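The listed protein sequences derive, respectively, from chains A, B and C. Counting from 1 along the first sequence, just add 120 to a position and that's the residue number in this note's numbering. Counting from 1 along the second sequence, just add 120 to a position and that's the residue number in this note's numbering. Counting from 1 along the third sequence, just add 120 to a position and that's the residue number in this note's numbering.
Among the hints, a few may not be true.
To be verified - Heads up, simulated DSS-like pairs for lysine-lysine below, C-alpha to C-alpha not over 25 Å straight-line: (1) A:LYS163 with C:LYS460; (2) C:LYS145 with A:LYS259; (3) A:LYS310 with A:LYS460; (4) C:LYS426 with A:LYS426; (5) B:LYS163 with A:LYS426; (6) C:LYS426 with B:LYS426; (7) A:LYS460 with A:LYS369; (8) B:LYS426 with C:LYS163.
What the hints contain is simulated information worked out from the structure, not anything from laboratory work. These numbers come from a predicted model, not from an experiment.
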Amino acid sequence: MSVATHTTDRRLFRRTAERFTAGAKTLPQRYFVSPEVFAEEQKKIFSKHWLLIGHQSQIAKAGDYFVAEVGDESLIIARDQRSTIRGFYNVCRHRGTRLKEGTCGHASAIQCPYHAWTYGLDGRLIRAPHMDEVQGFDKADYSLHPVNLGLFEGFIFVNLADDPMPLEEWFAPLAGKFSHWNMSILRSAKRIEYDVRANWKLIFENYSECYHCPGVHPALSKLTPYDSAENDLCEGPFLGGFMSINKGKSLTMSGNACALGVNGIADPGRAHDRDRVFYYSIFPNMLLSMHPDYVMVHQLWPQSPKRTLIMCDWFFHPKAFERPDFQSEDAIEFWDMTNKQDWHVCALSQQGIASRAYQPGPYSPRESIPAAWDQEYLRVMGQV
Amino acid sequence: MSVATHTTDRRLFRRTAERFTAGAKTLPQRYFVSPEVFAEEQKKIFSKHWLLIGHQSQIAKAGDYFVAEVGDESLIIARDQRSTIRGFYNVCRHRGTRLKEGTCGHASAIQCPYHAWTYGLDGRLIRAPHMDEVQGFDKADYSLHPVNLGLFEGFIFVNLADDPMPLEEWFAPLAGKFSHWNMSILRSAKRIEYDVRANWKLIFENYSECYHCPGVHPALSKLTPYDSAENDLCEGPFLGGFMSINKGKSLTMSGNACALGVNGIADPGRAHDRDRVFYYSIFPNMLLSMHPDYVMVHQLWPQSPKRTLIMCDWFFHPKAFERPDFQSEDAIEFWDMTNKQDWHVCALSQQGIASRAYQPGPYSPRESIPAAWDQEYLRVMGQV
Amino acid sequence: MSVATHTTDRRLFRRTAERFTAGAKTLPQRYFVSPEVFAEEQKKIFSKHWLLIGHQSQIAKAGDYFVAEVGDESLIIARDQRSTIRGFYNVCRHRGTRLKEGTCGHASAIQCPYHAWTYGLDGRLIRAPHMDEVQGFDKADYSLHPVNLGLFEGFIFVNLADDPMPLEEWFAPLAGKFSHWNMSILRSAKRIEYDVRANWKLIFENYSECYHCPGVHPALSKLTPYDSAENDLCEGPFLGGFMSINKGKSLTMSGNACALGVNGIADPGRAHDRDRVFYYSIFPNMLLSMHPDYVMVHQLWPQSPKRTLIMCDWFFHPKAFERPDFQSEDAIEFWDMTNKQDWHVCALSQQGIASRAYQPGPYSPRESIPAAWDQEYLRVMGQV
Numbered sequence: 121m122s123v124a125t126h127t128t129d130r131r132l133f134r135r136t137a138e139r140f141t142a143g144a145k146t147l148p149q150r151y152f153v154s155p156e157v158f159a160e161e162q163k164k165i166f167s168k169h170w171l172l173i174g175h176q177s178q179i180a181k182a183g184d185y186f187v188a189e190v191g192d193e194s195l196i197i198a199r200d201q202r203s204t205i206r207g208f209y210n211v212c213r214h215r216g217t218r219l220k221e222g223t224c225g226h227a228s229a230i231q232c233p234y235h236a237w238t239y240g241l242d243g244r245l246i247r248a249p250h251m252d253e254v255q256g257f258d259k260a261d262y263s264l265h266p267v268n269l270g271l272f273e274g275f276i277f278v279n280l281a282d283d284p285m286p287l288e289e290w291f292a293p294l295a296g297k298f299s300h301w302n303m304s305i306l307r308s309a310k311r312i313e314y315d316v317r318a319n320w321k322l323i324f325e326n327y328s329e330c331y332h333c334p335g336v337h338p339a340l341s342k343l344t345p346y347d348s349a350e351n352d353l354c355e356g357p358f359l360g361g362f363m364s365i366n367k368g369k370s371l372t373m374s375g376n377a378c379a380l381g382v383n384g385i386a387d388p389g390r391a392h393d394r395d396r397v398f399y400y401s402i403f404p405n406m407l408l409s410m411h412p413d414y415v416m417v418h419q420l421w422p423q424s425p426k427r428t429l430i431m432c433d434w435f436f437h438p439k440a441f442e443r444p445d446f447q448s449e450d451a452i453e454f455w456d457m458t459n460k461q462d463w464h465v466c467a468l469s470q471q472g473i474a475s476r477a478y479q480p481g482p483y484s485p486r487e488s489i490p491a492a493w494d495q496e497y498l499r500v501m502g503q504v
Numbered sequence: 121m122s123v124a125t126h127t128t129d130r131r132l133f134r135r136t137a138e139r140f141t142a143g144a145k146t147l148p149q150r151y152f153v154s155p156e157v158f159a160e161e162q163k164k165i166f167s168k169h170w171l172l173i174g175h176q177s178q179i180a181k182a183g184d185y186f187v188a189e190v191g192d193e194s195l196i197i198a199r200d201q202r203s204t205i206r207g208f209y210n211v212c213r214h215r216g217t218r219l220k221e222g223t224c225g226h227a228s229a230i231q232c233p234y235h236a237w238t239y240g241l242d243g244r245l246i247r248a249p250h251m252d253e254v255q256g257f258d259k260a261d262y263s264l265h266p267v268n269l270g271l272f273e274g275f276i277f278v279n280l281a282d283d284p285m286p287l288e289e290w291f292a293p294l295a296g297k298f299s300h301w302n303m304s305i306l307r308s309a310k311r312i313e314y315d316v317r318a319n320w321k322l323i324f325e326n327y328s329e330c331y332h333c334p335g336v337h338p339a340l341s342k343l344t345p346y347d348s349a350e351n352d353l354c355e356g357p358f359l360g361g362f363m364s365i366n367k368g369k370s371l372t373m374s375g376n377a378c379a380l381g382v383n384g385i386a387d388p389g390r391a392h393d394r395d396r397v398f399y400y401s402i403f404p405n406m407l408l409s410m411h412p413d414y415v416m417v418h419q420l421w422p423q424s425p426k427r428t429l430i431m432c433d434w435f436f437h438p439k440a441f442e443r444p445d446f447q448s449e450d451a452i453e454f455w456d457m458t459n460k461q462d463w464h465v466c467a468l469s470q471q472g473i474a475s476r477a478y479q480p481g482p483y484s485p486r487e488s489i490p491a492a493w494d495q496e497y498l499r500v501m502g503q504v
Numbered sequence: 121m122s123v124a125t126h127t128t129d130r131r132l133f134r135r136t137a138e139r140f141t142a143g144a145k146t147l148p149q150r151y152f153v154s155p156e157v158f159a160e161e162q163k164k165i166f167s168k169h170w171l172l173i174g175h176q177s178q179i180a181k182a183g184d185y186f187v188a189e190v191g192d193e194s195l196i197i198a199r200d201q202r203s204t205i206r207g208f209y210n211v212c213r214h215r216g217t218r219l220k221e222g223t224c225g226h227a228s229a230i231q232c233p234y235h236a237w238t239y240g241l242d243g244r245l246i247r248a249p250h251m252d253e254v255q256g257f258d259k260a261d262y263s264l265h266p267v268n269l270g271l272f273e274g275f276i277f278v279n280l281a282d283d284p285m286p287l288e289e290w291f292a293p294l295a296g297k298f299s300h301w302n303m304s305i306l307r308s309a310k311r312i313e314y315d316v317r318a319n320w321k322l323i324f325e326n327y328s329e330c331y332h333c334p335g336v337h338p339a340l341s342k343l344t345p346y347d348s349a350e351n352d353l354c355e356g357p358f359l360g361g362f363m364s365i366n367k368g369k370s371l372t373m374s375g376n377a378c379a380l381g382v383n384g385i386a387d388p389g390r391a392h393d394r395d396r397v398f399y400y401s402i403f404p405n406m407l408l409s410m411h412p413d414y415v416m417v418h419q420l421w422p423q424s425p426k427r428t429l430i431m432c433d434w435f436f437h438p439k440a441f442e443r444p445d446f447q448s449e450d451a452i453e454f455w456d457m458t459n460k461q462d463w464h465v466c467a468l469s470q471q472g473i474a475s476r477a478y479q480p481g482p483y484s485p486r487e488s489i490p491a492a493w494d495q496e497y498l499r500v501m502g503q504v
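Given these sequences and hints, build the entire structure.
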């Protein structure tokens, strides 16, 4: 669906949105505080869905790898000698030892720090001292355990399920939708990690509406009118749309564009994208915010009912980095400030929702996307 | 009952006390370490009884408020525009957000920091942006949730029960008993918070006897003989009596009176109160220590079986603050030292009681009030 | 069994070792992460077996005492006026108060810091103020609760069971085996405590093989060949043997002997011990490492499935301390470095084993003792 189409259909999705908000209320308390619900989410959602874990630019060359934490699991994501991106559980097949500490690096093989068992970047065990003395031992039986892995628009996703829905099938509704943003070639200029004292669902609900913008984000509200949202994805696991940016402005501290445009800015059919910021939530752990001059991506990692780790990257066009007009900090600082404003109110919600006085409250018409997100969540949890 | 009366009845309550101590032993281990017992206490005691939460002098003017933590709950206690003291759960009716952070302040209304829903100090919702677009939405349905609140001698008490015993009925046995101490007009000069590694019941048991004074409180023991206790309340939820203060002394670092007297000191019928300190425990979270020149009040807030938060205030006559003989630090420093001595031995008891070797031990005749307190506790818990 | 004998029987125990390793795999995940298994271990192992708690040299004179933590328990180990070593639960019989804080000291009696009840070093209650007023109270009923205690080669062991197997019976298989090491007269020059993020069983498994030495301990591997182990105790609760030390070397930073020899070094029949280091694991909490010039002893104290507290002592001949060639730091520094290398890989194993990808892995022939240790552990836990 092109942008032009959804602008035409504006009345239609306004109606769709209202369908969700009529009488819609926030989720009951247990969804935000219960360890049992959290465990169920880990099982039904975070062990079954495709999870954003990084971007292919993080491992540009054969031998590059990074370590990623997925819930209680640690994974090694590596580009092997044939340039294939692979993922493995970070666990030696001998005595279970964590193979790689630290966050990233470059290696020709993966050697266990304990007894020096050594694996190729394709996961095959290639050396295990003294094990040839053991009758019946076959190296081929002791490859690293692989994890399902796939790419969408240059982003790396993993899936911990034994037999997951193919990645292409999962992302089929978004096929081609973002291709003109060139995201597979972008590079991150900065990653900031946030340890947020709030349930992960509060982060999604917060991201999905700008009803809170006037009070919470005074600087943002000056650049993008809080009531300018036009949503084209209004139900299901992918939700969102765009908001207007005031003429000639950019979402930066200075209000000016901070880098070479990321998308096909020369394409006359995309001219109106120059004054728009697109916000999409990708169930269950990605927030995708596409600006004319950069793409911001949040990864969400629930740690407990009350705590979420968030990693935020700012991606730019690879050619932007070398140019004299490259001012990435102008965007990073702007959103770092705005992120912290959001995390603060999310933490306040977490606190209040834990009270015996909390009851589900009524969503306003400006909160149709949070309501739609809740519906999708409940569907996945088998509650509706 | 006047002081004169209970002095006459001295032999009587000595006998009463002995009734409790004959064979009385400390509580079994589970009452001090079990999370299940702790949860039961939160339910049967801290969610059903009137709890000390502050003093009316903390919110002297209309618009003044303070935030108080009661177990896992946060409450806003405010003096509204008509000067009525009110209490509310600190939870927005929209999305559950904590409304007020910080400990106290002054405001004309309560505005949610998230989406700017705004409530009057009487709790009524007075502004909710865009909600008039929602069919059937009525502001009157979304007032802040009130909490039961009452005053006794100027102290503010709350009760989380749906339908609690009226405060006046609860405190009826103490009606008029403390009125000559003028506590409703006193003001706190200082609050100190203590994080104590002991079960809350150990704090009560410690407060209720001076058998430990010679070894634990050498300075206190020089000012008030450890064996001078005369108790007039020997069973039930309110327990205690007075101890003698050595002639011409005061419970201060210097041993001298540190402020204008708090009670009707000119009243000839109260002359002997000048040489006495009155100690009363008010079930389940108040310790009331009335000295000739100041009133000390402890609030107890159990955090876990092994941990109690204690807030201690030192109250003085409002006229005392302006006088040249006002030396509040002389009293504060004295009791801060004495408090810490007590918390230390309470923490040591907590440690030892957790041992498999612990068995209930025999109370001495000097520990009749701890034994009576235990009985009342067990009665409320439905164990006797 | 003498060293000479087991050298002769070398082929025999090689075969024994192989019996264990053929097909032996590491323990399943639950043994390293489950709180239920941990609780069961505390019950079946740490509340039933003889546990190393110290050495008699720590309380050389009558009146000396030390406090030791055993799981959740605190014990007072004292040498009484008749020079008998005794152990008591650190719990007052009155109100359960912890009697002694701190780690060690010298005292003529044990007085409770709360109400001054006082006990002799033999545990008898000798003073309890005001308790003579209580009808039927008899001091003889309120002695400190004793703990079972015994000595083996100068080391102090306790047993929390009501009716434990006698210490002599437990250690019968080791009777006389270590006597020429003079361990009952040695003195510790240093104790280092380590807080290790690994299950206690991983520490035993790590101690029991040198398959990991080439990669983990480059300095150690230069002094003692990793494949030189000769084990004479290959099944049951006591496991281990010796490794060769390169001619003229010692396990120190400098590679030189650091102190007067600890064992009967003048005995010509023991000459080959000068080039050997003996490593024995004593189930369930002692690692005994006997070098020509010092004895290193580890005490293990499991704190949770994922955490173990380890106390390491370096013992020397009492005559060594005064000599000019005494360089205890040369040994201490060497093993402190080596210990930390071990704890690091143990912590990495703990992390990896917690993964859903972990499966029991195959032990190599160089890991026969870890496999034997696992068997003994499972037997004690009633799993085989």
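Provide an ascending list of the numbers of those earlier hints which the structure does not satisfy. Of the numbered hints, just 1 does not hold.
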